[in-house]
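Asks: Below are the chains, spelled out letter by letter.
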Amino acid sequence: EAGVAQSPRYKIIEKRQSVAFWCNPISGHATLYWYQQILGQGPKLLIQFQNNGVVDDSQLPKDRFSAERLKGVDSTLKIQPAKLEDSAVYLCASSSIRGGTEAFFGQGTRLTVV
Amino acid sequence: AQSVTQLGSHVSVSEGALVLLRCNYSSSVPPYLFWYVQYPNQGLQLLLKYTSAATLVKGINGFEAEFKKSETSFHLTKPSAHMSDAAEYFCAVINTGGFKTIFGAGTRLFVKA
Numbered sequence: 015e016a017g018v019a020q021s022p023r024y025k026i027i028e029k030r031q032s033v034a035f036w037c038n039p040i041s042g043h044a045t046l047y048w049y050q051q052i053l054g055q056g057p058k059l060l061i062q063f064q065n066n067g068v069v070d071d072s073q074l075p076k077d078r079f080s081a082e083r084l085k086g087v088d089s090t091l092k093i094q095p096a097k098l099e100d101s102a103v104y105l106c107a108s109s110s111i112r113g114g115t116e117a118f119f120g121q122g123t124r125l126t127v128v
Numbered sequence: 160a161q162s163v164t165q166l167g168s169h170v171s172v173s174e175g176a177l178v179l180l181r182c183n184y185s186s187s188v189p190p191y192l193f194w195y196v197q198y199p200n201q202g203l204q205l206l207l208k209y210t211s212a213a214t215l216v217k218g219i220n221g222f223e224a225e226f227k228k229s230e231t232s233f234h235l236t237k238p239s240a241h242m243s244d245a246a247e248y249f250c251a252v253i254n255t256g257g258f259k260t261i262f263g264a265g266t267r268l269f270v271k272a
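Respectively, the protein sequence lines represent chains U and C. For the first sequence, the numbering used here assigns the number 15 to the initial residue and increments by one for each residue that follows. For the second sequence, the numbering used here assigns the number 160 to the initial residue and increments by one for each residue that follows.
Just so you know, not all the hints are guaranteed correct.
Here are the simulated lysine to aspartate or glutamate pairs, EDC-like style, with alpha carbons at most 20 Å apart [what the hints assert, rightly or not]:
| id | chain 1 | residue 1 | chain 2 | residue 2 |
| --- | --- | --- | --- | --- |
| 1 | C | K271 | C | D244 |
| 2 | C | K259 | U | D77 |
| 3 | U | K85 | U | D100 |
| 4 | U | K85 | U | E99 |
| 5 | C | K259 | U | D70 |
| 6 | U | K58 | U | D77 |
| 7 | U | K92 | U | E116 |
| 8 | C | K217 | U | D88 |
| 9 | C | K208 | U | D71 |
| 10 | U | K58 | U | D70 |
| 11 | C | K259 | U | D71 |
| 12 | C | K217 | U | D71 |
Bear in mind the hints are in silico, worked out from the structure with no lab data behind them. Keep in mind it's a predicted model, so treat the numbers as computed, not measured.
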């Protein structure tokens, strides 16, 4: 089965610019996650979708970050405007609807804000 | 709220030596626990998971972990380290009935020749 696909793999932007990341989860996975992984730290959950509804966005900086999951499949994460501290790897993951199952991760998008 | 603590941000072992990476969890309900590995410039890959069946869990690449409720621990071990084991390892917890995976800060494993 195909894994979680993310694009782009790398992105360099200037501060105050906007950027968008795309994620296509594993087919049939109802739950989709966006994580932010700052260098040297563990992944931090930004937002979690169940189908196309938001389950948890408590750690999403909503003044600059937004995310959507159209039709319960693909998802996009946007940052506008970007700050230097947004430099990180953004990981998308998905899991099946059954509770307690592991998340499958994409390769991530490495964002550098200069 | 669930959480995990990984003891030691860096661990260095010699090739062929025992690998021990420590993880303690906090959960008010029986947890589901995971170990993930991350190689440079890659996403996270599942090594093994505990889902309240056997307390000793065997994973890929010769790794295993033991769930100890009395110690709230889920340490990862491998009898003999290989150079290819050098990577970042993350312990994670998800509460039963929930869908949120919470990660520890990670432990970077170095393997010396």
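Asks: Hint numbers the structure violates, sorted upward?
Replies: Of the numbered hints given earlier, those the structure breaks are 2, 3, 4, 7, 8, 9, 12, listed in rising order.
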